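Engineer: As a plain string of letters, each chain reads:
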Amino acid sequence: MNDTKLYEFVFGPESVGETDEERAASSSRLFVRSQLQIAEDNPKATGHRLTAYEVWKTFGLDVLKRIADEGSCPIIQMADEPSRTLKGRRNDLNLSTRRVALTAGISEELVERSETPGEVLQFQQLERIGQVLALDERSLGFVRGAQGDRNLGVRLREMAQASDVKRFSESEVTGLAEAAWVIARQLELSETNGESKGTSSQFVRSRDYSYPAYKRGYDLALTTRKKLSIADDAPIGSLKSLIEDTLGTPVIQLALGENFAGATVANNTSRGIVVNEKGANANVWVRRMTLAHEVGHLLWDPDERLDKLRVDSYDELDVPPQVMRTDVVEIRANAFAIAFLAPPSGVRKIMDNAGSNFDGMAEVMTKYGISATAAKHHIWNTARIDVSNISIASLPTTSDDWVARENLTVDFFKPQETPISRRGRFAYLSAKAYRAGKITADTASAYLKCTKAEFEQNVDFIFAALEGSNSG
Amino acid sequence: MPEADARTRAAFDEFRRGAPLKPLSPERVRHSDECIQITQGDGLEVLRDGPVVAGEPPPSIAPPLIDDARTEDIRLWVVRERDVPFAPERCGFARNATGLVQNKIKHSNLTGGASAHCGGEILFLDEQTFVITGRSGRYGPKSSEEMESVSKAFRGSGYHVLSMGWDPGTEQPTPFIGALPKWVC
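Chains as they are written, first to last, in the working numbering: chain A, 1 to 472; chain B, 1001 to 1185.
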């Protein structure tokens, strides 16, 4: 059989292209997947529908060939899968079956059954568990370990067992694990949709934390602004847009404990930022500082310093880098954040030209979008002007314009069942891949944690609501 | 080639009455080698009456999980008009044929490309016990009822039979690896 005949046999005569990927992307064939196998689609099957592109991407051409040949293809490579992977991963994360069940929205009995060799569940139930555990749910049973990042698992467990204020609860572990899953999948959806990869991969991580570390942070902020072609002393109008569109980095909103501000997460090679929707981040200027701090970790910290996960508390972010005494990684990131948002030379110019310290401080805040607390410290550190006697209550507050530019998600998202962590760019990219025929409604609805009907009813809304802010 | 024994013939005749012959779809055939009838010399056998007495209940032991290492022992079966032949997937013919994918025979090698009532895979655990699937892209069962019915015909031939059953997720017969088989009563 020559290549053309083979392609037509596997992908159908309507498929076009010279490569496997082109053929898969243009194939109109649909498949259905259970825990055990993939088959040609048929209306009675209760499994998860997949496009040819999805099957090709996860399982490869050989599986598609076998389906064309035999009508179906078993995908379980080892008799004790996927139960062994699921149980091992849950233990790595030190999570109870109850917690996994609660987060996945299924019964505890189903979680226990999923960990029993030979038990067969609906694949849709398995994929919910896989998402909670930050696994690649699509490869469950096919690849032992399902591409789970072992080191991230260990790190999350360590943080759940920590004895300090950064100790995670079970719900925070599952929240961050799920965020790690969204980060990995969002980057893949970006690629699937042919979006620009962003510039974050062009940054060579820096191991220079030499004394004084805050100066290293200032230097890196300046370098970053230059690399991103941000004009000298110019404000960053939308940090959210810069991170997601220019850097190509996922920003995931999550409800964490009140003391956590944000985190930088590495899931295998995918890095992303998590921002707590609770606490002081409700103020857009505080949230900008949190995001800028995480950008400092994301772009510049080498793997051994990031250690898969850096979680930052509001308290830490409030400490001026010059005063911070302990962790050089945090000192550098704090300095990076403030200098990235408000370049010291720009702050000095404003203060030099201002009619009064009050006017200068107000202009620093409103021009650069930083909070009064951050501005006070920064003005002292960069211009040596003491503004500590200025009453915060009399200073400007965030404008609607700032709020609109930094909105991470739409206020009234549909489907309502979709968790906040998946409502932003992730939802847009899911809808876009669905419209392009790259993923099925089954996949998109699993991604958005809603029913297929809810997704299909709201796909236009998702597009209309998010396209403007995500098409860059 | 010896004909099927009486119990086997009777059990499968009953099955055949509810399961019409399925012609081989030409779309499934990728090479003419897939339709060459293999012989006894290639490893072809026909199902004979087994030692299990009619009405004897299945063993009380729990069904085993099939080890992935056992896939080398898989044989293919089909229900033809008069008998139920089976042969190892990797029989001598498969090793020598140039047109067979991965050097495995196809179910159509058990029929010479003709029609059959049903087809699947079989794995012998001992002389009187085997596990079956209905996995055959060419002649496999089209419903859970047909899968159950053909499983009972195997049991009626005088064997303890474990069936992998039916996978509602794909509406296909369940494969050997990853699921627990069930005793056929």
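Keep in mind that the hints are not guaranteed to be accurate.
[As the list claims (entries may be wrong)] A partial selection of chain A residues facing chain B, derived with a Cβ cut-off under 7 Å: (1) Leu30; (2) Gly47; (3) Glu70; (4) Gly71; (5) Pro74; (6) Pro117; (7) Phe123; (8) Lys278; (9) Ala280; (10) Ala282; (11) Asn283; (12) Ile390; (13) Ile392.
FYI, nobody ran anything at the bench for these hints, they're computed from the structure. Note that this is a predicted model, so its numbers are computed, not measured. Don't be surprised by glycine CBs; every beta carbon is placed ideally from N, CA and C.
Engineer: Determine for every hint whether it applies to the structure shown.
Structural biologist: We went through each hint and held it up to the structure:
no.	hint	verdict
1	Leu30	violated, 12 Å
2	Gly47	holds, 3 Å
3	Glu70	holds, 3 Å
4	Gly71	holds, 4 Å
5	Pro74	holds, 4 Å
6	Pro117	holds, 6 Å
7	Phe123	holds, 6 Å
8	Lys278	violated, 39 Å
9	Ala280	violated, 47 Å
10	Ala282	violated, 44 Å
11	Asn283	violated, 48 Å
12	Ile390	violated, 66 Å
13	Ile392	violated, 60 Å
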